[in-house]
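One-letter residues, chain by chain:
Protein chains: 2
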Amino acid sequence: MPLSPSRRNFISTGVGTSVGLTTGWLVGQNVNLSPINWKMVSFLKENAQKFILYKAPQMICDRVREMTQGGFNIEIDKNDNQKIDTQDILKNVSNGNIQCGYSGIYYNDERYKVLFFGCAIPFGLTPQEQTAWLLYKKNPDDVLTFIQQIYSTKLNLNVIPFPAAATGGQMGGWFNREVNTVTDFKGIKMRIPGLGGEVLQKYFEVTLDKELPGGAIPIDQIADELKQDNINAAEWVGPYDDFQLGLHNVAKYYYYPGWWEPSTTFDILVNRNAWEKLPKEYQRIFQTACLETYTKLLAEYDTKNSEKLQELRRLEKIGKIRLVRFSNEILQVAQKKTDELLTLYSSNATFKEVYDEWSSFKIKIRDWSNLNKI
Amino acid sequence: MPLSPSRRNFISTGVGTSVGLTTGWLVGQNVNLSPINWKMVSFLKENAQKFILYKAPQMICDRVREMTQGGFNIEIDKNDNQKIDTQDILKNVSNGNIQCGYSGIYYNDERYKVLFFGCAIPFGLTPQEQTAWLLYKKNPDDVLTFIQQIYSTKLNLNVIPFPAAATGGQMGGWFNREVNTVTDFKGIKMRIPGLGGEVLQKYFEVTLDKELPGGAIPIDQIADELKQDNINAAEWVGPYDDFQLGLHNVAKYYYYPGWWEPSTTFDILVNRNAWEKLPKEYQRIFQTACLETYTKLLAEYDTKNSEKLQELRRLEKIGKIRLVRFSNEILQVAQKKTDELLTLYSSNATFKEVYDEWSSFKIKIRDWSNLNKI
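Chains as they are written, first to last, in our numbering: chain F, 4 to 377; chain R, 4 to 377.
Heads up, a few of these hints could be off.
Which copy is meant is left open, because identical chains are indistinguishable; a pair holds if it fits in one copy or across any two.
[To be verified] Below, a list of computed lysine-lysine pairs in the DSS-like style, where the Cα atoms sit at most 30 Å apart: (1) 205 with 376; (2) 192 with 376; (3) 53 with 192; (4) 283 with 255; (5) 141 with 376; (6) 230 with 205; (7) 48 with 311; (8) 58 with 320; (9) 140 with 53; (10) 58 with 230; (11) 140 with 283; (12) 255 with 376; (13) 141 with 311; (14) 48 with 140; (15) 192 with 311; (16) 320 with 365; (17) 283 with 189; (18) 320 with 141.
Treat the hints as calculated values from the structure; they're not laboratory data.
Nothing here was measured: the structure is a model prediction, and the numbers come from that model.
If we strip away everything but chain F, and leave its shape as in the complex, we get:
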């Protein structure tokens, strides 16, 4: 759904008076400048504040405010009354209703599915490879990255995405029953979004939570729904965030690896007109704050997940949970079916173009990753 009409004039009021700043530093004096004010929406609301991922927007806003001495203020819209899904955020940033939005690529329109290559592809890149991919330019002189260009040149979106958060490798999720073979997935009801969910739905006969009568399950109800066996499995992020959700208290089997999301990344989407009106130094500050936050959150995930994993191993010792690797059969079929799904979407020319570029990038960088592995 669209944002409320009252938000529609932020760009004009916020950015219009900023032109003076571009005249630059003159022996250290900036005179007659008004602060620039932006609003940001987030796909994560207050009920997500215990997760590491939730922090990115505030970190970026704080950093930008500090670095500009309050000259560039981005305020996060904390209005929880509206449910704003990720595709709404994309559209509202694109049409200028709001200057920027924190979002993951969980879209419904088929034509936006290509954007998953900037977020999470099953059996895709490792986090380190993903970072290289997100910053990859076809021509080193390009201002925009390959992925950033797709938004405007192929999808007519008036949006520039900046990588702003990364979870690192995820887990396969919590199951209240064992899944030893592909057949064991049949009939399971599972909370899982994205292309991984599509693979499970199309080829493993899993019912996704969004198909259930109540629709997609809100974050704070996932544990309850699993406990009551309304769903049989749920994937969220990894050891740290999953603990925050309490999933270890309501299901016994914690599967790995999270083949559907080996390196999920999240962006701040920025309206291109608002961006172009920013003084150059504020553009740099914003970009730099985003990439710094991306790197810091990935590091925090790795550190905190590794600590929680130790706790999981203790819980396994006392028999409370079980940590189980997906069988080779499951992983092999999942890989094959992922390829089928991506080939299916390649009937769309843009999807094919990006898939081809990504595949070629993946082959080369995986060769390198494997070679220098000790």
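Please build the complex by placing chain R on the supplied structure of chain F, with the hints as guidance.
Chain R only, in chain F's frame:
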């Protein structure tokens, strides 16, 4: 050797007039401010400009200048007449002769060996794990990271290091003869610095270039010395940088993995007094520019190394070179001897303290890395 006396007054002239800035943004007006001017030395001189690693200082200086609209200028000292080794840079930044320096941890004094934990330990962390380690704080509320604290609290250095560049995993290097067993290393003369070099010297009976009559080989002479068989092997970085050096033209065997440097990282060392005199927003800008550069260079290394690896595979096909994995025997002995070397250095209490913290961190994060690997 120390820097020239004429550089000793940079801090007083550069930072003294900056106090006005800390009074902050007042409806967008900063009045009566003078630019802050710093100098930076780099351990890499002009003869290194074709390597990716060389770029970090200029990227950071450019970024800081842009983000502050020229309010904070850091100039790189390009005086190539002086050979400034990494330990000189450490000392000169610590005693305030210069505000900052770009450096790798290639030190000679035993008491500084502990700082290798912030740079490169043989069989150490992967690049992704290393990033988490560099940002790791014992207490989340600490201002400084664990590694940053070691400099002042344990070594009495008036220095704060900021991670600013990463090569990613390195290669084992170019050899003009085959090394199938540990015995084959005996008598080899090799260009290799750091703890990896110490392992080879102490336990593999390798002669290091720095022990040769002419001393450590300057960068631009490595290929020639290898060609003339004055040395039999040389490790530099990885596919891209090694190509720049032309090593593929003078040696046949390219060994991997680079067990001595699985994730080498480089810092900008900053004098603490100069740092504390910076306005807070300039501190943030500097920090953020460093971490952004770190992430970008690692991504660039991964992408360009993966492209050069394809070229290496073509050269292998036509018989020009051979890509060879170190034998399991070599890797196992090297791992064991690395542990011995680190235990040896642990007779120093500070080294032991950091080694213990690092080892515990490594066990946990490696468990997590392995678990979520697909």
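Now for the hints, and whether the structure bears them out:
Proximity of residue 205 and residue 376 under a CA criterion of 30 Å is satisfied inter-copy only: 25 Å between copies versus 35 Å inside one chain copy. In the homo-oligomer, the alpha carbons of residue 192 and residue 376 lie at most 30 Å apart only across protomers (26 Å), although the nearest pairing inside one protomer, at 38 Å, exceeds that limit. Taking the shortest Cα distances, residue 53 and residue 192 sit within 30 Å of each other inside one copy (26 Å), while across copies they are farther apart (55 Å). For the homomeric pair residue 283 and residue 255, neither the shortest alpha-carbon distance inside one copy (52 Å) nor that between copies (49 Å) is at most 30 Å.
Taking the closest pair of Cα atoms, residue 141 and residue 376 come within 30 Å of each other both inside a single copy (27 Å) and across two copies (28 Å). For the homomeric pair residue 230 and residue 205, the shortest alpha-carbon distance inside one copy (26 Å) is at most 30 Å, but the shortest distance between copies (59 Å) is not. Proximity of residue 48 to residue 311 under the C-alpha cut-off of 30 Å is restricted to the intra-copy arrangement: shortest distance 24 Å within a copy versus 44 Å between copies. Neither within a single protomer nor between protomers do residue 58 and residue 320 lie at most 30 Å apart by alpha-carbon distance, with minima of 33 Å and 49 Å respectively.
Proximity of residue 140 to residue 53 under the C-alpha cut-off of 30 Å is restricted to the inter-copy arrangement: shortest distance 20 Å between copies versus 35 Å within a copy. For the identical chains of this complex, residue 58 and residue 230 are intra-copy neighbours only, at 28 Å inside a copy versus 54 Å across copies, given an alpha-carbon limit of 30 Å. Taking CA atoms no more than 30 Å apart as the test, residue 140 paired with residue 283 passes inside one copy only; the shortest distance there is 21 Å, against 34 Å between copies. For a Cα distance limit of 30 Å, the shortest separation of residue 255 from residue 376 across copies, 21 Å, qualifies, whereas the shortest one inside one copy, 33 Å, does not.
Taking identical chains as interchangeable, the C-alpha atoms of residue 141 and residue 311 lie at most 30 Å apart only when they sit on different chains, with a minimum of 16 Å there against 39 Å within one chain. Taking the shortest alpha-carbon separations for residue 48 and residue 140, only the inter-copy value of 28 Å comes in at or below 30 Å, while the best intra-copy value is 33 Å. In the homo-oligomer, the alpha carbons of residue 192 and residue 311 lie at most 30 Å apart inside one protomer (27 Å), although the nearest pairing across protomers, at 46 Å, exceeds that limit. For the homomeric pair residue 320 and residue 365, the shortest alpha-carbon distance between copies (22 Å) is at most 30 Å, but the shortest distance inside one copy (38 Å) is not.
In this assembly of identical chains, residue 283 and residue 189 lie within 30 Å of each other by CA distance neither inside one copy nor across copies; the values are 54 Å within and 57 Å between. Taking the shortest Cα distances, residue 320 and residue 141 sit within 30 Å of each other only across copies (27 Å), while inside one copy they are farther apart (50 Å).
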